[in-house]
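> Here the structure of chain A is known, so what remains is to put chain B in place on it, guided by the hints.
Protein sequence lines correspond, in order, to chains A and B.
End of the first sequence sits at 282 in numbering that gives the first Met the number 0; the numbers just go up one at a time, nothing left out.
End of the second sequence sits at 173 in numbering that gives the first Met the number 0; the numbers just go up one at a time, nothing left out.
Just so you know, the hints here were simulated from the structure itself, not pulled from any lab data.
We treat Cβ as the ideally placed atom computed from N, Cα and C, and that holds for glycine.
You can take every hint at face value.
Here are the computed lysine-lysine pairs in the DSSO-like style, where the Cα-Cα straight-line distance is at most 27 angstroms:
hint: 1; chain 1: B; residue 1: K23; chain 2: A; residue 2: K165
hint: 2; chain 1: A; residue 1: K103; chain 2: A; residue 2: K71
hint: 3; chain 1: A; residue 1: K168; chain 2: A; residue 2: K251
hint: 4; chain 1: A; residue 1: K175; chain 2: A; residue 2: K243
hint: 5; chain 1: B; residue 1: K23; chain 2: A; residue 2: K154
hint: 6; chain 1: A; residue 1: K29; chain 2: A; residue 2: K168
hint: 7; chain 1: B; residue 1: K23; chain 2: A; residue 2: K186
hint: 8; chain 1: A; residue 1: K273; chain 2: A; residue 2: K260
hint: 9; chain 1: A; residue 1: K229; chain 2: A; residue 2: K174
hint: 10; chain 1: A; residue 1: K165; chain 2: A; residue 2: K251
hint: 11; chain 1: A; residue 1: K186; chain 2: A; residue 2: K29
hint: 12; chain 1: B; residue 1: K23; chain 2: A; residue 2: K29
hint: 13; chain 1: A; residue 1: K51; chain 2: B; residue 2: K23
hint: 14; chain 1: A; residue 1: K168; chain 2: A; residue 2: K234
hint: 15; chain 1: A; residue 1: K71; chain 2: A; residue 2: K174
hint: 16; chain 1: A; residue 1: K251; chain 2: B; residue 2: K23
hint: 17; chain 1: B; residue 1: K23; chain 2: A; residue 2: K110
hint: 18; chain 1: B; residue 1: K23; chain 2: A; residue 2: K252
If you want a taste of the chain A side facing chain B, the calculated C-beta under 7 angstroms gives, among others:
hint: 19; residue: L15
hint: 20; residue: C23
hint: 21; residue: A46
So you can see what is in the structure, the chains are spelled out below.
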Amino acid sequence: MRTLLNFLIRNNYYLLFIFLQIMCIILISKNRNLQSTRILNSSNAVAANTFKTIANTREYLALREENQMLAKENASLLNIIRSRSYELIHVASLVQNDTLYKQKYIFNSAKVINNSTNLRSNYLTLNVGSQQGITHDMAIINSEGIVGVVKDVSKNFSSALSILHKDVKVTCMLKKNGFYGPLSWEKDDDYSSATISDMPMHSRIKAGDTIVTSALSSIFPEGIMVGYVKSFERKSGDAFYTVKINLSTNFKKINHVYVIKNVFKNEQDSLELKSQTHDKDDK
Amino acid sequence: MISNLFKNILRFVVLVLLQVLIVKNINLGRYFIFFPYVLFILLLPFNTPKPLTLVLAFVLGLCVDMFYDTQGMHAMACLTMAFVRSSVLELFAPREGYDEQLKPTIAYMGVGWFSSYALILILVHHFVLFYIEAFTFHEFFRTLLRVLGSTLATFSFIYLMQFLFYRQSNNRIS
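Chain A on its own, in the form it takes in the complex (with noise of 0.2 angstroms):
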């Protein structure tokens, strides 16, 4: 015992070192379990308040170039109301109440009050949380395209994977013909830029094409905008496309958002869980 107790003395400093070093790799492993809550990340009190002041006075100097993309959202959706607009009439009464129709999507509008766009994972912190009805795993998209999927949330804010990290998967699809494919992050990707693995090769896809997202994906809303193809290659022995586009955000500019919740997704992603559960019991 003595022995033991001299030799902790004696090697104190290597010992601290190396409880502290296991201190960062469970700390560091529990980040990248993408379920887990985190006590140390932005959504929390100190942080989240600290940028919320830099968001505001910065969102002030912004308002000029603000103004003229609510202008322009403004104009695109008054487009869509002036040239259906003998529909909509009925269709707008019908959705609340009516039992053949109901809302999939809610929108909640939210504000970026932290962003990076230069790191092999980026992250937003939003100035919504659980008091304001977000949830793990909704779709953040602003008036330009689609922006990235909340992880985390705590009272008043919530932390989001942005679509410039490495972890995460769209799946998005050609708009003129409907061929999808997943859409990540890639490392030769800069802020205005993603890569579509896995295109089929008759897909007839072109520079320039629009992409948005697919509907097979239970988290965006199909026909969000995503970005345009920038370039095409087959890599030699695959039977598909890989795809670069440029992404239609402006990630350094990210100001306003809007946070998606699809209404359906739990029964949905149970009952596909349900199947492939049922499926694994039949083998």
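Relative to chain A, chain B alone:
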């Protein structure tokens, strides 16, 4: 002694705030990222007890992690840097050891001493940080480039800061 403690606490707060409020928004692409907050570890007095250095580095890392959403990564990088610091200090020690009044700044130790001391430690910090962040050796050379570029960026930042905040002192030894 008390004023020294106070100075270090102040430096801790100021550097963390500088890092997360201002430097975090400097954007020179993916290969040049600034982390001047490590200056806190570089400037700890020579006679700081070694275990205390480790604990301070760990806390500093956690504080920065909180704002960068990188739970544990900066803490690990800072910890490794603080661990290496003691060996580097021994390696670069003058023959008669470090004087009580000396501080590890350019003004006291000279450009040559400070550059090699700071470059080695910043390199260690960035190396750990970027490889833990990437968490793969698939992007080995790209990550290495980021390490080297960012080391240069951080070092130049710290070098300039030294000239801004520390006046040339008379009892300079080099």
